[in-house]
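Chemist: For reference, the chains in residue letters:
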Amino acid sequence: MNLSDEQLKTLANSAPATPDAQRRRDNIEAALAAFDATPAAAEDTTQGLSRWQRLKSVFQQKRRMDMQEQKDFRGWLTPALATLLLVPVVGYVSWQSQRYDGSPRDVVTLAKPGETIGVRGTEYEAVDTSDAIALDDVVIAASPVAPAPVAELQAARAQAMEGRQRAEVARFESRAVAKMASGIAAADASFANENVVLWQPIGAEADRDRIQSTDSNPVKRVAEQPVSTFSIDVDTANYAFLRRQLNAGNLPAPDSVRIEELINYFPYAWPRPASAEQPFQATVNIMPAPWHNGRKLMHIAIQGYDIAPTTRPKANLVFLIDTSGSMNQTDKLPLLKNAFRLLLDTLQADDTVAIVTYAGNAGTALEPTRVADKRRILDVIDGLGAGGSTAGAAGIDQAYTLAERSFVEGGVNRVLLATDGDFNVGQTSDEDLKRIIENKRARGIYLSVFGFGQGNYNDQLMQVLAQNGNGTAAYIDTLSEAQKTLVQEAGSTLFPIANDVKIQVEFNPATVAEYRLIGYETRALAREDFNNDRVDAGDIGSGHSVTAIYELTPVGSGAVSVDELRYARAEPAAVPASDNEFNNEYAFVKIRYKRPGESTSNLITQPVTGGNELASLDAASTDQRFSIAVSAFGQKLRDEDAVHDYDWSAIQRLASGARGDDAFGYRAEFLRLATLAATLQSQNR
Amino acid sequence: MASYHAMMATMLDTSVEQTADEDRALALRAANGERAAFALLLERHYERVFRIALRWSGHRADAEDITQTVCIKLGAAIRSFRGEAKFTTWLYQLVLNASRDHLRTVRNTQQRDAAYAEHTELMQDDGGHGDDVSRALWAAVRQLPDKTRDAVLLVYGEDMSHAAAAAVLGCKEATLSWHIHDAKKRLAALLAPHGEVI
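Residue numbers (numbering that gives the first Met the number 0), protein chains in the order written: chain A, 0 to 684; chain B, 0 to 197.
Hints are computed from structural coordinates only; laboratory data are not their basis. Do not rely on the hints blindly, as some may be mistaken.
To be verified - Ranges of calculated distance between the beta carbons of each label pair, as one might list FRET restraints: (1) B:19 <-> A:682: 28 to 38 Å; (2) B:19 <-> A:678: 35 to 45 Å; (3) B:190 <-> A:605: 32 to 42 Å.
Claimed, not checked - No farther apart than 20 Å at their CA atoms in a straight line, the calculated lysine to aspartate or glutamate pairs in the EDC-like style are these: (4) B:171 <-> A:254; (5) A:8 <-> B:158; (6) A:219 <-> A:520; (7) B:171 <-> A:639; (8) B:171 <-> A:520; (9) B:171 <-> A:528; (10) A:313 <-> A:366; (11) A:8 <-> B:61; (12) A:593 <-> A:528; (13) B:184 <-> A:4.
To be verified - Just a few of them, taken from the derived set where beta-carbon distance is under 8 Å, the chain B residues facing chain A: (14) 35; (15) 37; (16) 38; (17) 39; (18) 43; (19) 45; (20) 46; (21) 47; (22) 66; (23) 67; (24) 137; (25) 140; (26) 159; (27) 183.
We put the CB at the ideal spot given by N, CA and C, even for glycine.
Could you put together the complete structure from these sequences and hints?
Modeler: Here's what the structure looks like:
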């Protein structure tokens, strides 16, 4: 049952009390005092500089100051028109220092951009905001205050930094604001030379699940942007997370749905490559779009070679397990233990396993141990208990150290991070962590991330970590999901067969008027990145399959959504369409990949011609139809215009007609979720 | 009431636009340092700021404090107004952030007896002089997660369109609509008598 619109409209009935007249006068006066104390925006000297240049100038100023500081006690009172802002998980904290006599201002004692502090599980990062004032939910106030609060604020900040009290920060903030207010009331020319520091939290999010949200790929005109480039994505976390939300009776926020992860969640039997020489096989077909009469779909299916267990390289795995207090729930640590027991069964006697836990302090629970000694490994897993806070960065360091110690040349070296996502990286920012992971990846140690639980799941950080560590991010909510990720797909999760796989499609303007890539928003690459081997992209593991779907509007179909340009049209086509030797081609698909351990890429190309076209959707394979149904499901949840008139029952019909043998029941589960989503969305109307 | 809003909206359509233009012009003049323009802008919007703060917090004293914070922040922030967004969009963002910060500070100092505080909050609610129904509804709205609460406050309290509210909250319109849907569901649960399954 939902409340009706009419009921909610009664909210407007409550005429609020009128504000206190005396306070009104005082407040307006205070506002005017603050107004007078602020220099006009037009004097902003930073205008016209890029953010980077500005950051650089702050650093330069800092360096100058360090020297000055030795001579001058008041060095920290020195200049800079920079505002530093701390961006935490749950809000922002900013502080600012300013003087009004034109003398140098302090940056040193505050924070450098990129510097972070952790306060009781919350990460704050200092960023430069000198140009971000107008529209961010950030408003910075600055006005003269008595000198005393400065020292006090510094002390409180230092305290809050080492201390772990969020409340401490809050008290500090409120004090800052109070001091400021009183400072303004007393505003006086004699204070004009004093320093102001303001530190405030802004813009809190109540929902602590941090899901990366993205805008959908737009429809593009082939005449203007004929080339589309993206990195493959083998993550599946989004599907499991979405399933959990739907099962709880909640529709996911439209922006948070990642369609490619939904499609790639399901196992498909795409045509396989014949040998390991050719790591994967791409199959491309054109077929009518079920949700639009004039449009077509270009379905790209990539199937990785499945390495037979006997030829698998030796594995050196380090489990990095979050055992902080927040993991002590049945769907977290206990589930994780069972999941790793399952994984252990898929390994071979010569593989090694080590376990690092982190909770408060990071600790090595198990030195690298051969899987042959399974009993010892199981004992350690069984003995894991949850308690304490999270110290993720130290844990990661230790895990990498162990992985390096037992490094297997030519083998699989991988850290498997299991966490509920409340991943406090201490003094390290997400950026730094990313760099560490990239660094280790270059040395051959990869990272996979397994997310557990709900409530403070940090999807975005997990994505970033896995993407930069050449790994997968999977979300595990049930034991059967653990079975799927760690046992059935262990090969693909652990043994890469092709690295940095990128896809570039060039559309033929003679046949295709418009195109739209469905999903892969977070994986878009620049056109020139395709040939740049230094640009990282997704990996394909043994037996992995990856599917991407484009929606095309053929020339002359009448289904074009973007108008022709009035002026560009005058340009004559280089070759008249009728004589064009490519007029039977829709597109040209190029795939780049690197063999594991190699640094130069190989190229596979394939023209997509009328020969790849299927007359009707019914002519498509079961797997193709099912993956299209999943893409429609995802678009529907993202509330995309393209599928607005395509209703849920059509999606269900398409999917249920394409169930195939569905040995593990994944597709049956999908049908159930589609029903659930349809019901939830109809309540929404 | 709903039809009243619709009617007024139609009647005032031109003058609403006119007001927005005036606000923008005033804000830009204030940004250039014109004190009188800023004073006038404040006079025009003071009640609005107080109203949102009161609806957000449910307490007179808190609303007065929030309003003060907003006024002081506004004095400095107006200097950087460049007219990229509507003035009111910008103002709403400022007030919502200030409200949220204020409440978080209050909650932290009361952490020890959080349960007690929540109880008294409901008891002493003076979020407006409306009828009992809307009063109970506002009390429930204040228990929603921040984003959801902001969405309801803007759409139903301030009679904004989903698009305009989305602009304030910096999200897509579809996301805003989703928050509203979410709110309807949560509110129904919050308002249901204890033990009743709906």
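Chemist: Give a verdict on every hint.
Modeler: Each hint tested on the structure:
Evaluation of the 28 to 38 Å hint for residue 19 (chain B) and residue 682 (chain A) yields a pass: the beta carbon distance comes to about 35 Å. For the pair residue 19 (chain B) and residue 678 (chain A), the supplied restraint of 35 to 45 Å holds, since their beta-carbon distance comes to about 40 Å. Separated by about 59 Å at the C-beta atoms, residue 190 (chain B) and residue 605 (chain A) break the suggested range of 32 to 42 Å. Simply put, residue 171 (chain B) and residue 254 (chain A) have alpha-carbon atoms about 8 Å apart, close enough for the 20 Å limit, and the pair holds.
About 9 Å separates the Cα atoms of residue 8 (chain A) and residue 158 (chain B), which keeps this hinted pair within 20 Å; it holds. Our distance criterion of 20 Å between C-alpha atoms is met by residue 219 (chain A) and residue 520 (chain A), whose separation comes to about 14 Å. At roughly 12 Å between alpha-carbon atoms, residue 171 (chain B) and residue 639 (chain A) fall within 20 Å of each other, so this suggested pair holds. Note on residue 171 (chain B) and residue 520 (chain A): the hinted pairing holds, with a Cα-Cα distance of about 16 Å set against a maximum of 20 Å.
The hinted pair formed by residue 171 (chain B) and residue 528 (chain A) fails the criterion: a straight-line CA distance of about 29 Å is larger than 20 Å. Our distance criterion of 20 Å between C-alpha atoms is met by residue 313 (chain A) and residue 366 (chain A), whose separation comes to about 17 Å. Distance hint between residue 8 (chain A) and residue 61 (chain B) is unfulfilled; the C-alpha atoms sit about 25 Å from each other, more than 20 Å. A hinted pair counts as satisfied when its Cα atoms are at most 20 Å apart, and residue 593 (chain A) with residue 528 (chain A) qualifies at roughly 14 Å.
Our distance criterion of 20 Å between C-alpha atoms is met by residue 184 (chain B) and residue 4 (chain A), whose separation comes to about 11 Å. Hint status for residue 35 (chain B): violated, given a least beta-carbon distance of 10 Å to chain A, over 8 Å. About 5 Å separates the beta-carbon of residue 37 (chain B) from the nearest beta-carbon of chain A, less than 8 Å, and the hint is met. Residue-level restraint check for residue 38 (chain B) holds (minimum Cβ-Cβ distance to chain A is 6 Å; threshold 8 Å).
Because the closest C-beta pair between residue 39 (chain B) and chain A is about 11 Å apart, greater than 8 Å, the hint is violated. Among the interface hints, the one on residue 43 (chain B) is violated; its C-beta lies about 11 Å from the nearest C-beta in chain A, farther than the 8 Å criterion. Because the closest C-beta pair between residue 45 (chain B) and chain A is about 6 Å apart, less than 8 Å, the hint holds. A least Cβ separation of about 7 Å between residue 46 (chain B) and chain A falls short of the 8 Å threshold, and the interface hint therefore holds.
For residue 47 (chain B), the interface hint is violated, since its Cβ never comes within 8 Å of a Cβ in chain A; the closest pair sits about 10 Å apart. About 6 Å separates the beta-carbon of residue 66 (chain B) from the nearest beta-carbon of chain A, less than 8 Å, and the hint is met. Hint status for residue 67 (chain B): holds, given a least beta-carbon distance of 5 Å to chain A, under 8 Å. With its C-beta approaching chain A no nearer than about 6 Å, residue 137 (chain B) sits inside the 8 Å limit, and its interface hint holds.
The beta carbon of residue 140 (chain B) is positioned within 8 Å of a beta carbon in chain A (closest approach about 7 Å), and the interface hint is therefore held. For residue 159 (chain B), the shortest C-beta to C-beta distance to chain A is roughly 11 Å, which exceeds 8 Å, and the interface hint is violated. At a threshold of 8 Å, the smallest CB-CB gap from residue 183 (chain B) to chain A is about 4 Å, leaving the interface hint in force.
Hint violations for this structure: numbers 3, 9, 11, 14, 17, 18, 21, 26, all remaining hints satisfied.
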